[in-house]
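Student: Okay, here's what each chain looks like letter by letter:
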Amino acid sequence: MVKKKLTPQVLIIGAGVTGTGIARDLALRGISSLVIEKGNINDGASGRNHGLLHSGARYVGSDLDSASECAQEARILKRIAPHCIEETKGLYVAVKGDDESYVADFPGLCKKAGVFCQALCVKEALALEPGLSKDTIAVFRVDDASVDPFHLSLENMNQAIEHGAVYYSNCQAMGFSLEKKVIRKVSVQNCLTGECFKITPRVIINATGAWAGMVAQLAGIGLDMIYSKGSLLVTHNRLTTHVINRLRPAADGDILVPGRTVSIFGTTSVRLDNLESIRPEFDEIDFLIDQGAQMVPGLETARYIRAYAGVRPLVRSQNETRGDDRTVSRGFYLFDHAKDGVDNFVTITGGKVTTYRLMAEKTADLAAEKLKISTPCTTADTPLMSKAPSKLIEAGMSVKLWAKETNPGDYMMWECEMVPKSHFKELILWLKQNRERADLNSLRIHSRLGKGACQGTFCSLRVTGFMYDEAYINGGQGLDNIKYLLTERFKGQKPVLWDSQLAQAELNEAMFCSFFGLDMVDPDRKG
Amino acid sequence: MENKTHLKTDLVIIGAGMAGLAGAVFAANRGINTILVGGAGAFEYASGLLDLWGLTHPDNGYCKDPWQDLAQIQASRHFHPFSKICPSTIETAFGELTDVLGQNGLAYAGLPRENSQIITAFGTAKPTFRYPVTMAHNVTAFRDKNPTLLLDFNGLREFRARFVQQVLSSTWQNIRIAAIDFPQMSGRSELVTPLMAQAMETEQVQDKFAAAVRPQLKGEQFIGVPAILGINTADKIRKRLEGLLGVNLFEIPTSPISVPGIRLKESFKKALEDTCVTRLPDQRVLLASQNPGKDFVLETHTHSGIRAARIQAGTCLLATGRFLSKGLISDRKGITEPLFNLRVDQPTDREHWHAASYFDPKGHAVNLAGITTDERFRPLGRKNLPAHEKLYAAGSILAGQDWMRTRSGAGLSIATAFSAIEQIALGRT
Ligand SMILES: Cc1cc2nc3c(=O)[nH]c(=O)nc-3n(C[C@H](O)[C@H](O)[C@H](O)COP(=O)(O)OP(=O)(O)OC[C@H]3O[C@@H](n4cnc5c(N)ncnc54)[C@H](O)[C@@H]3O)c2cc1C
Ligand SMILES: Cc1cc2nc3c(=O)[nH]c(=O)nc-3n(C[C@H](O)[C@H](O)[C@H](O)COP(=O)(O)OP(=O)(O)OC[C@H]3O[C@@H](n4cnc5c(N)ncnc54)[C@H](O)[C@@H]3O)c2cc1C
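Top line first, the protein sequences correspond to chains A and B.
Using the numbering used here, the first residue of the first sequence is number 420, and each one after it goes up by one.
Using the numbering used here, the first residue of the second sequence is number 12, and each one after it goes up by one.
Keep in mind the hints are simulated off the structure, nothing from the lab.
All C-beta atoms, glycine included, are put in the ideal place defined by N, C-alpha and C.
Treat the hints with caution; some may be incorrect.
To be verified - Lysine-lysine pairs mimicking DSSO-like chemistry, simulated, CA-CA at most 30 angstroms apart:
id: 1; chain 1: B; residue 1: Lys373; chain 2: A; residue 2: Lys910
id: 2; chain 1: A; residue 1: Lys617; chain 2: A; residue 2: Lys789
id: 3; chain 1: B; residue 1: Lys337; chain 2: B; residue 2: Lys280
id: 4; chain 1: B; residue 1: Lys401; chain 2: B; residue 2: Lys280
id: 5; chain 1: A; residue 1: Lys553; chain 2: B; residue 2: Lys344
id: 6; chain 1: B; residue 1: Lys19; chain 2: B; residue 2: Lys280
id: 7; chain 1: A; residue 1: Lys515; chain 2: B; residue 2: Lys344
id: 8; chain 1: A; residue 1: Lys617; chain 2: A; residue 2: Lys604
id: 9; chain 1: B; residue 1: Lys247; chain 2: B; residue 2: Lys229
id: 10; chain 1: B; residue 1: Lys373; chain 2: B; residue 2: Lys95
id: 11; chain 1: A; residue 1: Lys910; chain 2: B; residue 2: Lys337
id: 12; chain 1: B; residue 1: Lys15; chain 2: B; residue 2: Lys280
id: 13; chain 1: B; residue 1: Lys15; chain 2: B; residue 2: Lys401
id: 14; chain 1: A; residue 1: Lys910; chain 2: B; residue 2: Lys344
id: 15; chain 1: B; residue 1: Lys394; chain 2: B; residue 2: Lys337
As the list claims (entries may be wrong) - Chain B regions said to be covered by chain A (calculated; three or more residues, Cβ under 8 angstroms):
id: 16; segment: 325-339
id: 17; segment: 363-369
Next comes chain A alone, as it looks inside the complex (with noise of 0.2 angstroms):
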């Protein structure tokens, strides 16, 4: 590994949505920074949202505050990253038994906010969403949109490194070497290779979102924390074009939320003791679809690919000396720990990927400020567009590109996301030039190989023979990133799999196991 690397100004702990934004902020400020994350970028409750880019109507009967602050930042990223962003409008339905004075209270409340919302009369409402329930006793529109939370990091990430920023996957950070008051060193560890190694920054970020305990605990800090899990489903089509809220206070099952050719539907709230195992409880599942079906009926019949669920971090009687003034709601925490005892560190977590720049922003002048640097943050304005091929991501609109500009030679690779070869190619090429490695599961993080309906049973064969052919790969690592690719896939699947996709479940089984023997293929087989 290169020193240089290892000596950056800031050392970003974690590449959710947050650490990659914050890598972004300060890259943008020409400070330089490392970015090290244990998994791969959005491994944490980045990557298992529902993927609403909030108006704020959520929060105008409970936190008036977080509500304007989701309008206001709502607003800015539709500007500098409209490409990862569709402009659904959101609805918020209210059903027959609901409490009407809610109902009555929501417009006020949206009003005083600075949230725009519109009431609908049902009969209009039912004709832009047929699949509502026939028991729609209220309707108004918002300003809520879907983002895709996947692009977000990338890009940052991406136009970070393009500014100079570095990036270590499967590096986790395990121990602090603390000297008068400062971090001086981090010992980190490569979680592929078991191999270690120490980075000198001058300032600490822990973005760490619901591990930040964990991390402050290295340097001897306390946080309170207490997990929060909520549980999504994915449907196999897209059910609505709006995104579609209970008109209620916030509670479980209330949001479907539209994204390119699926729609997530969500969410619960489970208290958990410790971060072991974040999956989706079957009864979770039961309920939320039994929740949701009061409000659009067709979920109860409704084709579901994948269920996962991730962590919302709460800090614990977070009192007023403590928690920092930077804190402008209280939607997310940012605690200086000079106030600890620890001078150049800092951690950030909870929030909302709607607020993610706000957060970034806020703990890059932190940053800056401890690096006596006065640049000032300019996110707001700079559009957050790198030059990495994402045409992949974007699922179903590879199609239409295809379709433009197809030519000979050029072919599905995967069907049921439509992605053609070309696209793909790029793909790997920019993964060989940027990244360590460009395997199939490298390809899963940056598509969505194997996200679609048939379980990866087609995709994951073809890519796996492109692969080959262009020998990117050799010997026997092919079967390896097949049973890799599926053994990752199948913790998402399982606890969906009935009706159809119980069916797909039989084959892709009777494929890959009956047929070519992957279950006798040893994944430590030297290739």
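Chain A is fixed; fit chain B with the ligands onto it per the hints.
Tutor: The following block gives chain B with the ligands in isolation, referenced to the frame of chain A:
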């Protein structure tokens, strides 16, 4: 409703997968008047290989002698359908079926008491009991690690020679690869094996193929190709090409929809022509009922949902497969059998359907769910008595077996269909 056909028969077989078709062949050989309802369904996914038993415990590797393991199953796994059939009966069933397929254009090969290892399109070696003779040199070339040329076809995604070569590189070094355009299809961006096989049926295409391959040979005595050597006369085509090229030619089975699966379907079709079996391939049974002591009455529909026939039969063989074929139906709450609402033995709830890890060596519990039968293959009802006196079940719908992990797909279907038909034949006399 008025123009619906009324049919009456001794035996109705529901489902034309491996179990249904094999059952129909056995019924034909025994002169039982039969109606076979159902299209190919999951059958088209079949690889064309006839497995019997290939894997008992993953830790011990693939089994060489399936009979030895089957004897153990008889002794230890009382819930397994194979525990109800004696090995010599299974042997007879395989023999009877492969004879019929052989007489109808699809010859099978294999050792009497051992599995053979076939190289797949993944470069993995699959244990199987009987394989089409077009794959015979696949087995021997791999066994002896002969110098071999693997052929790639430009534009064919389902088979990539370098994939196979690389996966095998640690055990079988002297494989060379070469790419050619498939005759009359050059420039096409996407090729599919069934169309290639169809084209191979003409001598003109075979000659062009040979001409394209000849310059690629560098002394190899074996050539491997994906399974594309024709549909109806594959072995003749293979022999003709071997003559033209002066080498041994073999096929490698590919992922579905595969040509060997289509060949099986065609061979069965021929075998059942002009027999006492009537096929209704474009229909599905929608409703089935039986009153005690009376005949079964089945209502069939065409795929477009039009009512087609009303079938009356004294005996019924249920061979409707599992989830993929809709012989079993699942929802969030459980697994059901849709035609007779039979008892389905299954894990207590959905949470226990699957293991935590996809490749868990124990497999997934949901794959053991299904219909439990008595010794005569009659589905048991809630009180452990036969649900209907003359209802039988065969194939993958049966409980207590995981054909995918144990590599016993065709064998299970053939053996259980054979046993059921023997029982039915007995009951007739
Ligand atoms: C169920 C759910 C639904 C949500 N829905 C929405 C929504 O619709 N709209 C919205 O705006 N917000 C939503 N949110 C909130 C949003 O997802 C989070 O606020 C946001 O993703 C947090 O990003 P982050 O980067 O701070 O944390 P994370 O994304 O969790 O990133 C932390 C990263 O740190 C890494 N890490 C941890 N420890 C170490 C270590 N020692 N060394 C190196 N790396 C480490 C982790 O692997 C992880 O990648 C939702 C959250 C949940 C849980
Ligand atoms: C991808 C794949 C690979 C395979 N590879 C091998 C292999 O290498 N070796 C091997 O030995 N076996 C293999 N098999 C297994 C084999 O082909 C059979 O699937 C298995 O033997 C089970 O046969 P079956 O007849 O019980 O069920 P199925 O093959 O599932 O057939 C059931 C049939 O019943 C029909 N049906 C269902 N309901 C109705 C109704 N109401 N009315 C009419 N018809 C109905 C369905 O359409 C279907 O055709 C493979 C299967 C698959 C899917």
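Student: Give a verdict on every hint.
Tutor: Quick rundown of the hints versus the structure:
1. Lys373/B - Lys910/A: holds (17 angstroms)
2. Lys617/A - Lys789/A: holds (22 angstroms)
3. Lys337/B - Lys280/B: holds (22 angstroms)
4. Lys401/B - Lys280/B: Holds - the C-alpha atoms of lysine 280/B and lysine 401/B are around 26 angstroms apart, at most 30 angstroms.
5. Lys553/A - Lys344/B: holds (26 angstroms)
6. Lys19/B - Lys280/B: Holds - the C-alpha atoms of lysine 280/B and lysine 19/B are around 22 angstroms apart, at most 30 angstroms.
7. Lys515/A - Lys344/B: Within the cut-off at roughly 27 angstroms; holds.
8. Lys617/A - Lys604/A: Holds - the C-alpha atoms of lysine 604/A and lysine 617/A are around 6 angstroms apart, at most 30 angstroms.
9. Lys247/B - Lys229/B: With Cα atoms ~25 angstroms apart, lysine 247/B and lysine 229/B stay inside 30 angstroms; holds.
10. Lys373/B - Lys95/B: Holds: lysine 373/B and lysine 95/B sit about 23 angstroms apart, inside 30 angstroms.
11. Lys910/A - Lys337/B: Holds, at roughly 25 angstroms.
12. Lys15/B - Lys280/B: holds (25 angstroms)
13. Lys15/B - Lys401/B: Given that 30 angstroms is the threshold and the Cα spacing comes to 25 angstroms, the pair holds.
14. Lys910/A - Lys344/B: holds (20 angstroms)
15. Lys394/B - Lys337/B: holds (25 angstroms)
16. 325-339: Coverage by chain A holds here, the residue count being 4 at a Cβ distance below 8 angstroms.
17. 363-369: holds (count 5)
In this structure, none of the earlier numbered hints is contradicted; all agree with it.
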